[in-house]
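Protein chains: 2
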Amino acid sequence: MKIIEDARAPNPRRVRVFLAEKNIQIEYEQLDITEFDHKKPGFSEMNPLQRVPVLALDDGTAISESIAICRYFEELHPEPPLMGAGPEGKARTEMWQRRMELNLLHPVAQTFRHLHPAMKELEQPQVAAWGEANRPRVLNMLRLLNKELSGRPFIAGDEFTIADITAMVAVDFMKPAKIERGDDLPSLDRWYGEVSSRPSARA
Amino acid sequence: MKIIEDARAPNPRRVRVFLAEKNIQIEYEQLDITEFDHKKPGFSEMNPLQRVPVLALDDGTAISESIAICRYFEELHPEPPLMGAGPEGKARTEMWQRRMELNLLHPVAQTFRHLHPAMKELEQPQVAAWGEANRPRVLNMLRLLNKELSGRPFIAGDEFTIADITAMVAVDFMKPAKIERGDDLPSLDRWYGEVSSRPSARA
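Residue numbers (my numbering), protein chains in the order written: chain V, 77 to 279; chain C, 77 to 279.
Check before you lean on any hint, since a few could be wrong.
As the list makes no split between identical chains, a pair holds if one copy fits it or if it spans any two.
[Stated by the list, open to error] Mimicking DSS-like on lysine-lysine, the simulated pairs with C-alpha atoms at most 27 Å apart in a straight line are:
| id | residue 1 | residue 2 |
| --- | --- | --- |
| 1 | Lys254 | Lys98 |
| 2 | Lys98 | Lys166 |
| 3 | Lys223 | Lys116 |
| 4 | Lys251 | Lys166 |
No wet-lab data here; the hints were simulated from the structure.
The structure presented is a predicted model; accordingly, all values stated were derived computationally and were not measured.
Please take these sequences and the hints and turn them into a complete structure.
Now the structure itself:
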């Protein structure tokens, strides 16, 4: 079993942090997306959508999509639960993981993909107006998150979950995406300080 | 317990089809997104992201995000499994549900939101070039899906799952989004005929 990734990209980092929190060791194989390795036939056969990471199981099965890879390990190694416990806990965690992915990580990524010169070849067509339209969405979500985090330690409740992982990766991805926060957001800062000082953040 | 929705929107339909497949009856309350009911204070308190549907539990808890609502019912009523069985089955189903959501339903919705005159007020700013950029992504995904469906009955394998629900809703949403398919895609047609003739498709 191994994970094929480009360790510089944000989605592979989500999986590495998740596995570090569960104390799961696994083999990693690197490819270089700036050399278009993920568009080459070998990798495309494993993931026709040509995205990293991919989990290659020993029987040849390939699982792509970071959250699906995390789900596999959550089911195999339920402790500590990072995707919630019980019907309501699982639903609440999934709600927050999706909010962080679709309304924070995704708009940060769109800003990066549509405005950064390095993405000119990978994102076709680059639509600068769409990149710009995503900037205020990121800032709105951070404000909402700051308000939410004033009432509880972590994003989905009292425990660290996959929603925190997605949000931390998104906040860190704002730097290459050149999105400046501006606002004073003390609860967000408190949370960010905590999650990014966990050993898993360096995975 | 009740679900608050606008029955004309694609995401609420995903949840209704899911519940119909599980034979779960639940109360529905309608609001009118064309009248901006989802932006009003009462609803915004339940879902600060102002999207439908929302599942309101009897204790006041509000769960939003269609897939999180489905997860709640999957955990409460596991049979028939619509989100996969076992670690590998759950991971594979989540992978395909995400592919269908992020690479089919999402680009259809972006085409609709950024090009349809009816969305002028709700999607700000409308970026026509971004709407157009999504059209070929939809068609590419349908071609890939056609190829995949030549080898198995349903999207994630031998059983009907939530991935089929998301894909069916996406294909039907192509009509208001004014996306014409063009290509001859026989395996996709076979699958679409089957999923859309299930009683749940009319939920």
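Now the hints, each set against the structure:
1. Lys254 - Lys98: neither (32 Å within a copy, 46 Å between copies)
2. Lys98 - Lys166: both (17 Å within a copy, 19 Å between copies)
3. Lys223 - Lys116: between (44 Å within a copy, 19 Å between copies)
4. Lys251 - Lys166: Neither: 31 Å inside a chain and 34 Å across chains, both beyond 27 Å.
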